[in-house]
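S.K.: So you can see what is in the structure, the chains are spelled out below.
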Amino acid sequence: MTTTPQESREVALRVADIRYAYGKTVAVDGVSFDVRPGEIFGLLGPNGAGKTTTISIVSGILPPASGQALIFGQDASGGSGRARARMGVVPQDIALYEELSAAENLRFWGRLYGLSGGALEDAVRRALDLVGLADRAQARVKTYSGGLKRRLNLAAGLVHNPDLLLLDEPTVGIDPQARLRILDVVRDQARSGRAVLYTSHYLEEAEQICGRLAIIDHGRVLAAGTVAELRRLVGEGPVVRIRGAIDGDGLKALAARCPGVSFLSADGDSASFAARDPDACSGLVRELFRSGLKLDDLRVQEPNLQSVFLKLTGRELRD
Amino acid sequence: MGTLATLVRKDLRRRLVDPSKLLMNLAIPLVMAGMMALAFGGRGDNQRTPVLHLVVVNQDEGPIGRALGNAQQNPEAAGRMEIRQAKSRGEGLTMLREEEAAALILIPKDFSADLLDGKDVELEVVKNPAASIMPVIAQQGVEVAALYISIGARLLDGRGPRIAELFEGKGWDDPQAIAALVTELYDKVRGIDAFLIPPLIEVKTGEREAGKEADKNRPNFMIWMFPGVMIMGLLFTANTQMRDLLREGEIGTLRRQLTAPLGAVKVLIAKIVSVAVVVAIATVLLLLVGRWAFGVGWGPILPLAAASAVIVLAATGFAALVFSLVRTERQGDAFGGVLVMLMSLLGGTFFPPQVVPSWMQGISRLTLTYWSHGVLRDLAAGGGWEKIQGELSILLIIGLTLTLAGVLALRRRHLRGAL
Numbered sequence: 003m004t005t006t007p008q009e010s011r012e013v014a015l016r017v018a019d020i021r022y023a024y025g026k027t028v029a030v031d032g033v034s035f036d037v038r039p040g041e042i043f044g045l046l047g048p049n050g051a052g053k054t055t056t057i058s059i060v061s062g063i064l065p066p067a068s069g070q071a072l073i074f075g076q077d078a079s080g081g082s083g084r085a086r087a088r089m090g091v092v093p094q095d096i097a098l099y100e101e102l103s104a105a106e107n108l109r110f111w112g113r114l115y116g117l118s119g120g121a122l123e124d125a126v127r128r129a130l131d132l133v134g135l136a137d138r139a140q141a142r143v144k145t146y147s148g149g150l151k152r153r154l155n156l157a158a159g160l161v162h163n164p165d166l167l168l169l170d171e172p173t174v175g176i177d178p179q180a181r182l183r184i185l186d187v188v189r190d191q192a193r194s195g196r197a198v199l200y201t202s203h204y205l206e207e208a209e210q211i212c213g214r215l216a217i218i219d220h221g222r223v224l225a226a227g228t229v230a231e232l233r234r235l236v237g238e239g240p241v242v243r244i245r246g247a248i249d250g251d252g253l254k255a256l257a258a259r260c261p262g263v264s265f266l267s268a269d270g271d272s273a274s275f276a277a278r279d280p281d282a283c284s285g286l287v288r289e290l291f292r293s294g295l296k297l298d299d300l301r302v303q304e305p306n307l308q309s310v311f312l313k314l315t316g317r318e319l320r321d
Numbered sequence: 052m053g054t055l056a057t058l059v060r061k062d063l064r065r066r067l068v069d070p071s072k073l074l075m076n077l078a079i080p081l082v083m084a085g086m087m088a089l090a091f092g093g094r095g096d097n098q099r100t101p102v103l104h105l106v107v108v109n110q111d112e113g114p115i116g117r118a119l120g121n122a123q124q125n126p127e128a129a130g131r132m133e134i135r136q137a138k139s140r141g142e143g144l145t146m147l148r149e150e151e152a153a154a155l156i157l158i159p160k161d162f163s164a165d166l167l168d169g170k171d172v173e174l175e176v177v178k179n180p181a182a183s184i185m186p187v188i189a190q191q192g193v194e195v196a197a198l199y200i201s202i203g204a205r206l207l208d209g210r211g212p213r214i215a216e217l218f219e220g221k222g223w224d225d226p227q228a229i230a231a232l233v234t235e236l237y238d239k240v241r242g243i244d245a246f247l248i249p250p251l252i253e254v255k256t257g258e259r260e261a262g263k264e265a266d267k268n269r270p271n272f273m274i275w276m277f278p279g280v281m282i283m284g285l286l287f288t289a290n291t292q293m294r295d296l297l298r299e300g301e302i303g304t305l306r307r308q309l310t311a312p313l314g315a316v317k318v319l320i321a322k323i324v325s326v327a328v329v330v331a332i333a334t335v336l337l338l339l340v341g342r343w344a345f346g347v348g349w350g351p352i353l354p355l356a357a358a359s360a361v362i363v364l365a366a367t368g369f370a371a372l373v374f375s376l377v378r379t380e381r382q383g384d385a386f387g388g389v390l391v392m393l394m395s396l397l398g399g400t401f402f403p404p405q406v407v408p409s410w411m412q413g414i415s416r417l418t419l420t421y422w423s424h425g426v427l428r429d430l431a432a433g434g435g436w437e438k439i440q441g442e443l444s445i446l447l448i449i450g451l452t453l454t455l456a457g458v459l460a461l462r463r464r465h466l467r468g469a470l
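Here the protein sequences line up with chains A and B, keeping their order. In terms of this note's numbering, the first sequence has 52 at position 50, counting the first letter as 1, and numbering is strictly consecutive. In terms of this note's numbering, the second sequence has 331 at position 280, counting the first letter as 1, and numbering is strictly consecutive.
Worth flagging that the hints you see were computed from the coordinates, not collected in a lab. Owing to the predicted nature of the structure, the values given are computational and were not obtained by experimental measurement. The reader is advised that the hints may include incorrect statements.
[Stated by the list, open to error] Chain B side only, calculated, beta carbon under 7 Å to chain A, not exhaustive:
(1) Lys-61
(2) Asp-69
(3) Thr-310
(4) Ala-311
[Stated by the list, open to error] Cut-off 25 Å, straight-line C-alpha distance, at most; resulting in silico cross-link-like pairs (SDA-like, lysine to any residue):
(5) Lys-72(B) / Gln-405(B)
(6) Lys-221(B) / Gly-192(B)
(7) Lys-317(B) / Ala-87(A)
(8) Lys-26(A) / Arg-66(B)
(9) Lys-317(B) / Gln-94(A)
(10) Lys-144(A) / Leu-74(B)
(11) Lys-144(A) / Lys-72(B)
(12) Lys-144(A) / Lys-160(B)
(13) Lys-151(A) / Arg-60(B)
(14) Lys-138(B) / Arg-64(B)
(15) Lys-144(A) / Ser-71(B)
(16) Lys-144(A) / Lys-138(B)
(17) Lys-151(A) / Gly-300(B)
We put the beta carbon where it would ideally sit given N, CA and C, even for glycine.
Construct all of the structure, not just a fragment, from the sequences and the given hints.
M.R.: So, in structure tokens, the structure goes:
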């Protein structure tokens with residue numbers, strides 16, 4: 003895909019058909035998407051799907067084997083100082099120096115982006131306020147809890163006031179309260195006009211904050227769009243999920259006998275169906291009981307990203 | 052330049068927060084040097100001179116064999132060597148294996164008779180490499196003795212049998228014959244005294260009780276030992292500090308730095324510079340400890356500063372290369388540790404490289420330890436620019452090559468996404 007500078011200027015981040023392999027293992031295989039200023043774009047997929055490799059290419063750590071990532075029209079992989087200076091990266095690891103205090107960490111990361119003197123001190127103070135750590139600024143990071151470290155990790159990506167934020171699973175392994183705090187900060191950043199690329203394998207989280215998202219698996223984008231657009235991939239009607247002693251082929255045949263019902267997936271002892279409307283759903287449930295299957299559980303749910311993922315990949319994306 | 056300083060300052064700040072690892076690194080060579088000073092007489096003041104333990108297998112029944120075998124009866128040698136007699140070569144080798152001696156000297160059958168007859172003779176020396184520099188001293192001693200005996204044998208020029216008779220108590224009843232023999236020998240000696248006097252080898256005998264002036268002139272064993280231990284300590288320090296590169300890779304701070312507008316080479320060079328700064332601090336501390344605790348004088352300041360800078364470069368480059376080849380900190384510790392020990396052994400930390408076989412000496416010359424030891428030992432022995440410039444140039448080439456190879460290997464690793 004070729005991109006003109008004019009087109010590139012309209013988006014904060016343009017990822018065009020990038021590919022990368024670790025030896026013979028293909029990690030990213032032709033991924034493309036755009037992120038616009040003020041938007042939170044989610045990259046949703048299981049562990050090992052290629053999300054972190056995509057972030058690494060976008061942030062310039064890895065050069066793509068082919069394709070390109072443009073940040074405000076400039077190539078990210080060429081070591082362009084201007085492109086990188088406009089970008090803030092929050093890695094999945096808590097990439098902080100535990101021996102140093104929170105303020106020392108932020109000063110260090112701020113200096114790497116050219117801040118100094120009063121501007122640096124102001125930026126450090128602002129970033130600490132943003133994540134609610136001003137009162138613990140002088141404490142060494144090793145004394146922080148996991149949630150506090152995650153918040154500081156986010157602050158280190160924000161300290162130089164970037165126009166594009168790359169957040170790689172920023173809420174992994176923390177308590178719900180700390181997660182809500184981080185999600186609030188991310189929303190505020192988007193509201194203030196920053197473009198945000200947000201990777202996660204938490205479906206609910208992505209549904210909550212992302213305006214648009216792409217579902218990625220085995221290095222490929224399976225579907226992209228708004229949450230509503232993605233939901234429509236499995237229909238507007240309810241989704242029926244069952245658990246028990248099941249037979250995939252038998253269930254496919256059963257779904258075919260029910261009007262308005264489509265078989266979504268069978269994975270181990272569970273399976274899912276999409277129903278066009280409540281009547282189709284009732285027909286499916288009746289047919290399931292009539293078939294004599296030994297079911298341990300049966301749930302009727304609104305369609306969500308989990309069911310989209312099931313439909314696209316044939317398996318569940320477990321949190 | 053500003054961001055490079057920021058990166059280096061960050062590393063130094065982190066080390067200052069927890070200097071225990073650095074102090075441990077510095078303590079190791081100091082403890083080793085201290086132990087060796089205790090074992091071998093160290094600085095010299097109020098210390099016992101190391102005693103040379105020898106095993107002699109004397110198969111000669113003549114006077115020269117007896118003289119060599121009983122050399123410790125010489126008052127000058129009495130306090131410096133201890134000679135144990137063995138009946139056979141096998142028994143002598145057993146004693147050597149059991150580390151009862153630094154070397155075995157075998158005086159063959161009819162050694163005196165053959166020598167006095169003007170025939171070629173051999174003395175066999177078997178060295179015990181486990182006894183540090185002592186075997187070399189033994190070998191040198193035997194070579195000096197052989198030289199003197201050879202000169203004596205040539206002076207006799209066919210008069211050996213007559214002298215041998217005198218040693219056996221025969222012929223003393225003919226004063227005229229004895230006077231003629233003495234006159235002939237005197238004329239011989241006069242004929243070559245231009246070559247022998249003043250003697251090429253002068254042995255000075257000092258009295259222990261002669262005071263501090265005499266102690267000052269005594270050789271300081273630590274001049275030889277401390278530089279080796281110091282270099283080993285610096286290599287371990289460089290390795291320990293360079294571990295931080297992989298540590299930063301593991302915790303993710305390195306990748307985060309690589310996303311900043313710096314360039315990977317600057318990030319890697321900053322890490323190498325920060326390691327070099329710590330190694331330089333360690334070098335200065337060890338030089339001071341060597342001077343004040345072990346009495347090692349390091350000579351003029353400028354050659355010493357240049358030598359220190361090149362040694363720091365070589366040690367840092369070595370560590371950069373080691374950690375560009377390993378995946379984990381533990382691998383780096385193991386691989387780097389083995390390499391440091393190997394280079395220390397080959398390069399002459401514990402015994403002179405001259406005691407190993409010649410093919411191994413060739414390998415020694417490929418190690419940075421060999422050249423580092425040479426430079427520091429020459430400085431400690433009073434040498435200046437002229438003495439060290441050759442060794443220093445080679446060490447500089449080694450240091451630059453290692454550093455460049457380390458940076459390139461790390462850069463390649465970064466491009467493969469393995470940092």
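S.K.: Please go over all the hints and tell whether each is borne out by the structure.
M.R.: Going down the list of hints, with the structure as the test:
At a threshold of 7 Å, the smallest CB-CB gap from Lys-61(B) to chain A is about 5 Å, leaving the interface hint in force. Proximity of Asp-69(B) to chain A holds as hinted, the smallest CB-CB distance being about 6 Å (cut-off 7 Å). A hinted interface residue such as Thr-310(B) counts as satisfied when its beta carbon comes closer than 7 Å to some beta carbon of chain A; here the least separation is about 4 Å, so the hint holds. Taking 7 Å as the C-beta contact cut-off toward chain A, the hint placing Ala-311(B) at the interface holds, the least distance being around 4 Å.
Distance restraint check for Lys-72(B) and Gln-405(B): the Cα-Cα separation of roughly 35 Å exceeds the 25 Å cut-off, and the hinted pair is therefore not satisfied. In summary, the hint linking Lys-221(B) to Gly-192(B) is not supported, as the alpha carbons are separated by about 32 Å, beyond the 25 Å threshold. With a CA separation close to 16 Å, the supplied pair Lys-317(B) and Ala-87(A) stays within the 25 Å bound. Taking the CA atoms of Lys-26(A) and Arg-66(B), the gap is near 40 Å; set against the 25 Å cutoff, the hint is violated.
A C-alpha spacing of about 24 Å is found between Lys-317(B) and Gln-94(A), which places the hinted pair at or below 25 Å, so the restraint holds. The suggested pairing of Lys-144(A) with Leu-74(B) holds, with an alpha-carbon distance near 22 Å, which does not exceed 25 Å. Straight-line distance between C-alpha atoms of Lys-144(A) and Lys-72(B) comes to about 18 Å, which keeps the hinted pair within the 25 Å bound. Distance hint between Lys-144(A) and Lys-160(B) is unfulfilled; the C-alpha atoms sit about 77 Å from each other, more than 25 Å.
With a CA separation close to 23 Å, the supplied pair Lys-151(A) and Arg-60(B) stays within the 25 Å bound. A threshold of 25 Å between alpha carbons decides the hint, and for Lys-138(B) with Arg-64(B) the separation of about 66 Å lies outside it, so the pair is violated. For the suggested pair Lys-144(A) and Ser-71(B), the alpha carbons sit about 17 Å apart, so the restraint of at most 25 Å is met. For the given pair, Lys-144(A) sits about 70 Å from Lys-138(B) by alpha-carbon distance, which is inconsistent with the 25 Å threshold.
Using a Cα cut-off of 25 Å, the hinted pair Lys-151(A) and Gly-300(B) holds, with the two alpha carbons roughly 18 Å apart.
Hint check: violations occur at hints 5, 6, 8, 12, 14 and 16; the rest are consistent with the structure.
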